[in-house]
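With chain R held as given, fit chain C onto it using these hints.
First to last, the sequence lines map onto chains R and C. Residue numbers for the first sequence follow the numbering used here, so the first one is 526 and each next one is one higher. Residue numbers for the second sequence follow the numbering used here, so the first one is 112 and each next one is one higher.
It cannot be assumed that every hint is accurate.
From the derived model, a few chain R residues whose C-beta atoms are all more than 12 Å from chain C [to be verified]:
(1) Pro563
(2) Pro576
(3) Val690
(4) Met734
(5) Gln749
(6) Val751
(7) Asn752
(8) Asn753
(9) Arg779
(10) Lys785
(11) Ser813
(12) Leu822
(13) Glu847
No more than 20 Å apart at the CA atoms, straight line, and that leaves these computed lysine to aspartate or glutamate pairs for DMTMM-like [to be verified]:
(14) Lys159(C) x Asp537(R)
(15) Lys595(R) x Asp628(R)
(16) Lys159(C) x Asp628(R)
(17) Lys531(R) x Asp199(C)
(18) Lys629(R) x Glu158(C)
Since the hints were derived computationally from the structure, they do not count as laboratory data. The beta carbon of each residue, even a glycine, is placed where N, CA and C say it ideally should be.
These are the residues of each chain, in order.
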Amino acid sequence: MELIQKMLAGCDQSLARLITLVERDTPEIPHIMSQIYPRLGKAYFVGVTGPPGGGKSTLVDRLTALMRAKGFSVGVVACDPTSPFSGGAVLGDRIRMQQHYLDKGVFIRSMASRGSRGGLPRAALGVIKLMDAFGKDFVLVETVGVGQTELDIMEAADTTVVVLVPEAGDAIQTMKAGLLEIADILVVNKADRQGAESLVVELDQMLRMNPRQTWWKVPVLTTQAVNNIGMEELYQEIERHRQVLEQTGRLSQRRQEQRKGEFIKTIEQSIRTRLLELVTKDGRLMASLERVERGELDPYSASMEILNDKVLLQTWLCELEEQD
Amino acid sequence: MAEERRIRVLIAKPGLDGHDRGARVLTLGLRDEGLEVIYTGLRQTPEKIVQAAIQEDVDVVGLSCLSGAHRYLFPEVVAQLKARGVEDVLVIGGGIIPKEDIPFLNEKGTSAIFGPGTSVKEIARYIKENVKGG
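Bound-form chain C, shown alone:
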């Protein structure tokens, strides 16, 4: 009999941040919401994130960025996923993201941005409602 479907999430920090408290809190919080969370650590290139997302066959890629490079890094991850033919992964982002950048990031394929103060439950709910594919 088929196992209950477990949602798999990759939490990744692209770029040169040296601080991952938020990503860690989210990793644990999502586990407590029943998700399987793969955390890859600091200073990841988009290429590495995409490769990990493919090997782990995740449903969601969560990007955290505090350095200000999100306008480059987030769309780059989405583009590289597409280039590898991965269409069924939900990409979401968080960190220090100015409000005015959100429409641009949405348009470039990061479907939701969660800033400081967002509750883990809210993110978990968003993921559960929006996960694509089977």
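Isolated chain R (complex conformation):
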């Protein structure tokens, strides 16, 4: 594929087009991935997650500026939610990143969640690999930022930064599980606002009572991204986390687990889409579906009826094979 060669040679237009192909889930993906695979492993992946309005985009923008000043090239993947009603999306993270538009060392791509609910679009894992292959030193991944269960980022990032604001104080109890658990670094942004200090204390105590691991103590930092305050400290903590991961062999272990997860997810996904496609063509199943819709049959018994029917499953298998 000529596009891949051009991308590997540094053509940003080709990178953009390849990202589109991966986003569209085209049949070329296995070929693309196999071609770039030998070039992977150079980039370091930093995830930035947290509730909406916490300043994630601004923080990513300032962090990018800092990394550029240190001579590193940066890729940014900025995610926003897809409307469940229209399938459209407003992708507005770029607005905060304008200072980098003309910098050749920065590549920013906005992605819509497209049905995924875990904070990252399904194609994000492929996209960050493309950026790695393209030669970026750092890839910053900003999640959608709509919920507390945005755990996808764990499977994509080496270091996960969770960004909170002082007003989050009261919500901390409910946030113990999920979002806070995945943080390698906690950031209280907009720290000039009231309540920042007490939130830091609260988070610190919580982490001390409930440490997730002994080899890394999750730091709690204060920043004012918009005023460029605290960014160097944040960068240093990211570097420190990276060093600890590398020295203890955990980076390769983490990536091993990510690869495993990705492998299983890919299989699951492709079986699922192909099966669903078959199923919509299957008269027997459609009949059950109609009964379920009318409320005559409960969904559980209906699915068991289908799954217990060996003959039906056999036919599906044969049809799946024929597709190849």
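Then chain C, alone, in the frame of chain R:
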């Protein structure tokens, strides 16, 4: 299996306008029509718009201009896209554009101009019917 094709649009305001209500309304309206819309904010140079369009690999660039500089800015964006080898992007415009300027802008590569009072649906339909490339 291939995802359903989603049309990606960049909405940009070139030049020195200080007012982007129209661009925002359109951004939301196009989202409701099922498009993915990237909005880059006020006061963009043609260079920045082109760079964003390339990185985002959009199908459409929508330019909004209220300042009167459209005769320079719109053709400049088209020319810079061409200079970077981008041929498959649909460029459309809107804002306060005198009728007599429209043929000139069309000739310079802005394929359609939508003035005040245009419905979002009309713009969405135009985009869906005219998007180029695969």
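How the hints compare with the structure:
1. At the 12 Å boundary, the C-beta of proline 563(R) stays outside the reach of chain C, the nearest C-beta of that chain being 25 Å off.
2. Separation of proline 576(R) from chain C is adequate, the least Cβ-Cβ distance of about 21 Å exceeding the 12 Å criterion.
3. For valine 690(R), the non-interface assignment is confirmed: its Cβ lies about 22 Å from the closest Cβ of chain C, beyond the 12 Å cut-off.
4. The claim that methionine 734(R) is not at the interface with chain C holds, since no C-beta of that chain comes within 12 Å of its own (minimum 43 Å).
5. Residue placement check: glutamine 749(R) keeps its beta carbon more than 12 Å from all beta carbons of chain C (closest about 21 Å).
6. The beta carbon of valine 751(R) sits about 15 Å from the closest Cβ of chain C, which is more than 12 Å, so the claim that it is off the interface holds.
7. Here asparagine 752(R) stays apart from chain C, with its beta-carbon at least about 19 Å from theirs, past the 12 Å limit.
8. Taking the minimum C-beta to C-beta distance to chain C, about 19 Å, the non-interface status of asparagine 753(R) holds against the 12 Å cut.
9. The beta carbon of arginine 779(R) is kept farther than 12 Å from every beta carbon of chain C, the shortest such distance being approximately 29 Å.
10. Once the 12 Å rule is applied to beta carbons, lysine 785(R) is consistent with being away from chain C; the minimum gap is 24 Å.
11. For serine 813(R), the condition that its CB be more than 12 Å from all CB atoms of chain C holds, with the nearest at approximately 23 Å.
12. For leucine 822(R), the condition that its CB be more than 12 Å from all CB atoms of chain C holds, with the nearest at approximately 28 Å.
13. Annotated as non-interface, glutamate 847(R) keeps its C-beta farther than 12 Å from every C-beta of chain C; the closest such distance is 15 Å.
14. Pair hint lysine 159(C) plus aspartate 537(R) holds up; C-alpha atoms about 14 Å apart against a cutoff of 20 Å.
15. For the suggested pair lysine 595(R) and aspartate 628(R), the alpha carbons sit about 14 Å apart, so the restraint of at most 20 Å is met.
16. Proximity of lysine 159(C) to aspartate 628(R) is assessed by CA-CA distance (about 10 Å); at most 20 Å being required, the pair is judged to hold.
17. Note on lysine 531(R) and aspartate 199(C): the hinted pairing holds, with a Cα-Cα distance of about 18 Å set against a maximum of 20 Å.
18. Among the hinted pairs, lysine 629(R) with glutamate 158(C) is consistent with the structure: their alpha-carbon atoms are about 12 Å apart, no more than 20 Å.
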